[in-house]
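Listed below, chain by chain, are the residues.
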Amino acid sequence: MINVQNLYKKFGTNEVLSDISTTISKGEVVSIIGPSGSGKSTFLRCLNLLEVPTSGSIDINGKNLTSSKKNIHKIRQQIGMVFQHFHLFPHLTVLENLTYAPMKAKGIKKAEAEMKARLLLERVGLSEKETAYPNSLSGGQKQRVAIARALAMEPELMLFDEPTSALDPEMVKEVLDVMKDLAKSGMTMVVVTHEMGFAREVADRVLFLDHGVLVEEGQPNEFFSHPKTERAKDFLDKVL
Amino acid sequence: MNLDFSQIVPYIPFMLEGIWATLKFVFFAIILGSILGTILALFKIGSIIPLRWFADAYTSIFRGTPLILQLMIIYYSTPQLTGYDISAFLSAILAFGLNSSAYISEIIRAGIQAVDKGQMEAAQALGVPYRAMMKDIILPQALKNILPALMNEFITLTKESAIVSTIGYLDLMRRAQVVGSDLFRNFEPLLFVGLIYWCMVMGLTMIGRVFERRLKQSD
Ligand SMILES: Nc1ncnc2c1ncn2[C@@H]1O[C@H](COP(=O)(O)OP(=O)(O)O)[C@@H](O)[C@H]1O
Ligand SMILES: [Mg+2]
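Chains A and B are the protein sequences, given in the same order. If you count by full-length UniProt numbering, then the first sequence holds residues 1 to 240, one letter each, in order. If you count by full-length UniProt numbering, then the second sequence holds residues 1 to 219, one letter each, in order.
Treat the hints with caution; some may be incorrect.
[Unchecked claim] Sample of chain B residues at the chain A side, in silico, Cβ under 8 angstroms:
#1 P50
#2 D85
#3 Q119
#4 E121
#5 A122
#6 Q124
#7 G127
#8 V128
#9 M134
#10 D136
#11 P140
#12 Q141
#13 S218
[Stated by the list, open to error] DEER-style ranges, computed between Cβ atoms:
#14 S136/A - I61/B: 42 to 50 angstroms
#15 G118/B - L236/A: 55 to 63 angstroms
#16 E201/A - Q217/B: 39 to 47 angstroms
#17 T54/A - I49/B: 17 to 25 angstroms
#18 V52/A - A132/B: 31 to 39 angstroms
#19 K70/A - Q217/B: 54 to 62 angstroms
#20 I49/B - V52/A: 12 to 20 angstroms
#21 E201/A - F54/B: 25 to 33 angstroms
#22 I31/B - S127/A: 40 to 48 angstroms
#23 S136/A - T82/B: 34 to 42 angstroms
#24 Q217/B - P35/A: 41 to 49 angstroms
#25 N71/A - I31/B: 34 to 42 angstroms
#26 A132/B - D237/A: 44 to 52 angstroms
[Stated by the list, open to error] Below 30 angstroms or equal to it, Euclidean Cα-Cα: the simulated DSBU-like pairs (lysine-lysine) are:
#27 K216/B - K109/A
#28 K117/B - K216/B
#29 K173/A - K117/B
#30 K116/A - K24/B
#31 K129/A - K144/B
#32 K216/B - K110/A
#33 K117/B - K110/A
#34 K106/A - K24/B
#35 K117/B - K109/A
#36 K10/A - K116/A
#37 K117/B - K106/A
#38 K70/A - K135/B
#39 K216/B - K129/A
#40 K74/A - K117/B
Hints are computed from structural coordinates only; laboratory data are not their basis. Ideal Cβ placement from N, Cα and C applies to all residues, glycine included.
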């Protein structure tokens, strides 16, 4: 489904990603881990062209991302993204947050968009909040709304950039539960996370990035119990 | 002190008509200034270099020269250059509209840039087209932040509108001068229209407060 070949990204002279190649297949859940500043967010953001790669190619469903600037909206509509800091639209109600993009970007009728949005809110356990504004929600609730907002576009792929890092500890679980649910439903997911438990339990594969290099990848059990590289060992020693 | 307000009584209807005369062109100037100002602000933050350059040059010129000069140039040079006998009313709308658009564009630009970058990224990630994103997501949030500055600009424009008296437009200010020279007493009519300007500005301030409260709904 996603095929990344020789991806490089530079900010000025700072090479943030070097020569990353990997493929992610449909329905796979991939966790990206690595020290802070290693390029995890940048990699994720390249997958929906929030960052433009310096060189290399990214194919999604056989369509080359970097050469199709024109269809960028269409491609992004198939890729949901969840941010560390939620980025809900503060001037719209929860329901409007969910219906806005389907109506504006896909031309879906209001009644239909609202019906689907209500189903999604039910799924993330926030039905009673549909008329609330984001500022009145807790962090965990905000992130669940943000996930529902991304799902409202009916994407084929979901990207998560440290979705629980900005949350109070007691709210992490409610968000991870929603994500586990989503993984079970067969969604293709790429998740940057510091939640090693989640990576171990839910991910089909772990990518370990360090200094912009894809140092190691493998099955979670394999990776966490027998890391092959020194760098991965060092990192795991620090976080586990 | 020999103040005698009784003498201006017969002239009060004449001066009150000036409210309408002033409001009329101030209203159109604010509309013109807001529309142009928004467009210029979008030019300034956009990626098309010539448009950015144009908007910056425009702002620099209209902020860098006196408003009264701009007004006179429009009023006196339009007939000379084009043969079109432009009315004082139209000149006033143009001068004030074009001038305030320069200030408004700066206010809006700063407002847009103050909106969290994450908002734009979230909209982009959802595949929302640029125009819709600006109109529905970015500008409404920018507007909320800049409303006080914007109201300030409208208030300034309302007060500075008195400059049109210099091209003979019968606004509030001009009417006070006319009455003054009729009566050989200037202080009373000036004081009278001063009070009216103050009331108009208070009205605008109140309208601004109502808007602000409405936009604050989501807090
Ligand atoms: N927009 C940007 N401009 C310049 N440098 C950036 C930008 N975004 C990220 N970087 C740099 O790229 C490196 C990797 O950042 P990031 O992908 O956010 O790492 P991570 O998500 O793994 O913490 C960091 O050194 C960061 O300073
Ligand atoms: Mg990051």
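Structure versus earlier hints - violations, ascending order: 1, 2, 9, 15, 18, 19, 21, 23, 30, 34, 36
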